[in-house]
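From first to last, the protein sequence lines stand for chains A and B. Quick note on my numbering: the first sequence kicks off at 213 and runs consecutively. Quick note on my numbering: the second sequence kicks off at 98 and runs consecutively.
Not everything, but these chain B residues come out facing chain A in the computed CB check (under 10 Å): (1) Thr290; (2) Glu291; (3) Ala300; (4) Tyr310; (5) Phe313; (6) Tyr315; (7) Ile317.
No lab work stands behind these hints, which were simulated from the structure alone. We put the CB at the ideal spot given by N, CA and C, even for glycine.
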Amino acid sequence: MSPVTFRSVRDLPPMSRSTDTMLWNRTGSWRFLRPRYQDKVAPCAEGCPAAEDIARIQILLGQGDFEAAWLRIREENPLPGVCGRVCYHPCETACNRGEYDDPVTVNSLERFLADHAWKLGLSPPPPEPAAGGGRVAVVGAGPAGLTAAYFLLRLGHEVDLFDAREEPGGLLRYGIPEYRLPLDALAWEVGLILNEGVRFHGNRRLGSDLTWDELSGYDAVFLAVGTWKPAPLGAEGEEHAQDGLTLLEAIRQGETPEVSGKVAVIGGGNTAMDVARSLLRLGAEPAVYYRRRLQDMPALPEEIQEAREEGIPFQTLLAPKRIEPLPQGGFRLVLTTMEILDEDEGGRPRAVPSGHPDVEVEVDAVVTAIGAGPSQGAPAEVTGEGLVAEGLHLKRIAPEGEWAARPPVLVGGDLVNDRKAVVTAIASGKEAALVIDTRLRGRDATSIWPSIRVGRKGGVSMNRYLSGDRAAQQDHVVRYDELNTIYFRFQERRERPRITLEERRTGFDEVKMRISASLALKESERCFHCGQCDQCDNCYLFCPDVSVLRDLRAGTREINYDYCKGCGVCVVECPRNAMILEEEPR
Amino acid sequence: MRRVLEGSHAVSHAVELARVKVISAYPITPQTHIVERLAELVADGVLDARFIRVESEHSAMAAVIGAASAGARSFTASSSHGLALMHEMLHWAAGARLPVVMAEVNRAMGPGWNIWADQTDSLSQRDTGWIQLYCEDVQEVLDTILIAYKLAERVSLPAMVVLDAFFLSHTYEPVEVPEQDEVDAFLPAWEPTEILDPADPHAFNQLASPEYYMEFRYKIQQAMEDALRAHDEIDAEFGRRFGRSYGAVHRIPCREGERAPLALVTTGSVTGTARVAQAALRQKGIGVDVVKLKLFRPFPHEEIRRVLGPYDRVIVLDRNISFGSGGIFASEIRAALALRGEQPAVYPFVAGLGGRDITPQTIESVVARALGDEPPSDILWEGLKL
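Let the sequences and hints guide you as you build the complete structure.
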């Protein structure tokens, strides 16, 4: 190719107009800056302890490929149906959209995707054969254990999953009430994990029905038996109080506990909310007593709000001092009035007696829900000095004494997590699978840790672990001010609908209703897809050099560096920061 | 059909008769009535055209440039500061050889802020490559829009039809409105040769290196010279079809078959006033021939020399000024006359700026001054409060 030459006025068109292409003119040689497509980390993904690639999941959801979106979640978390119901969704707290109008309802969309798969009876493709080759015992079939078993199996290991109770699920099965997590939804999702070949052994309580001798026959042990042991109330006459978790378990076993009349529920966590709301549904009159203020409660704000909507009274700045049985039946609960000091006490403000007179209430029962200790059968080492750090949500029993001769014992879930939540337990399980896999392959887990974390503060990603080119991963988390928000418009957050208050007060039906596909699509539209190319084609439309090459079938974009002059307009006009502009290498 | 029309609406109806396809404009006094009426015609479905709303005159001109590039007969209208804002795009329309037609209502440039008649706005666009046609009355305004389309499309250059603020834009006059079929016969659909066509892609108006730029300019100049001849042909054809023609330069003798010692060159609506003054002066025994200049770009050098060369004295009445020089029409006329050795004495009067009335008395006064002992000068002011 070469430039066209005109010899005289007669040859020329009336105005300057091309007569041939300009392809001979490789304007790319003028470039000193080079634009490049580069997916970055969305803050939601960094915020998710399970490291779900939420922005990518939302792109798939928005494209209507609900199955692919669901499978994408399952690359990092085998329990989206559970998390879509009970997660404390730190992803939404981190969501950049929160700085624009309101965060995307990631949690309800996660549930939508799982429910969609459940409703259609979808099952994930069978795991690809992997090298693995180890034999691993997972003790405790709660979210941590189930997750560890799921990933270990996918990594090619044999897994025996033990639990003290008859059925798998742990706290999900025996703690969280039906109205938050219906058994059928749980059973479907747990079934998907077990069906892939995990051997489940129920009624095998560590220390009695399962011995360390037996466990020593494995290549590694993951211990996640939870914290079911009631914590002492520290009040006179506490033997008269019932344990909240035991009560929840009884309800979940199908029993109807004999609790009626006025019931004082002591505590401010999610268990306290679960207990109070379950009691209400059984016909009792629960009231919540908490030693700090409403805003200091560790329970999820929406759990507190729903409990209050249902009419449960909350009494705050009251700490139980004494429980006295009354001659006519029932109890007198004496409570110390508290005040808040401007001091930190384990992440919450310190509460001390205020010196004001005690408060007395007469109740028919007292139920405690103030946290719990390691479950029965857990070795003493899990409570303190006997543990060494192994991951973000994972510890290991120090290989000392009798443990030196045993296979490595990794500990996760509520036993070790500061924030005791389903999603942090899931993170423990995944980390355990990663650590065990690397160990069994004779490698050092800590060396790969930085490359598989999502962002700088996020959880570890199985997807990153499995995809070879970890150097290509980068940890730039997209900030709100790095988005080009001119391409977005205000749109109201769509909360998921709930059943009526009357239904909530009288039965255990699930409070939050399923959302429709059209609602899910509308809500998903609100997602900025921070740092992830969703093929919006702004780059293509703006490029003055026609140098954005699209492969519509593959859904990919490429820069034609033969002609791209490096003006950078594509990078500036990318609404979601999925491109970067770098200096041209010389 | 004979109708009483406001000058602005005469433009609108001419645009309708021309079957314009795309209109884009931004309102400015005293042009607004033109596009208001057009917007109504489009909205009512009377005129089958796209009316593109824009945020500025620059964009209005850009929009019609785009439309014309795609082969659509296009129209815009502006005035004064609006026209000034279009300036860059005016060059573009001409350089791109697009036959856009614009109604330009002569209004003074501010500051001081002034909405009244003054020709400096259109004359400031003299060198943009636009054909410029100045009109005397409302009938001529309507007719000239039709002539302008035919001329512009023949030579592939944009054309500006210029009318005085208020004296023409806001004045109602009886107007003969031609029938649509007659107009269609005179002005068939535009058949562009250079057009944006996705089936035959080209880059338009791209870089022209020093190797070629001058040749493109030469082509524009050639087109302007063609336009001079084409105007006379088209004007004559219009005369045959509709019984009215105007001429690029039109001499109105004081007495048929005679040449008065003095010629008075006028443009725009002042020509009408000059006709009245001419009659009054004739009564007083003073003979003045009025020479109406209609076509300013391309400039009819030869015709100016032919018409004005034989006079002893020529007055040029300019309702405009090029600061530091003087009246713009006078300057052009003197330049044209200078080609010949023997030339009349030119009296370049500047009068009526910013809408100040040019009355028959004003004209009698400049005639008296030119016939008196006052020597010709580079600039002569009339009616100035000194």
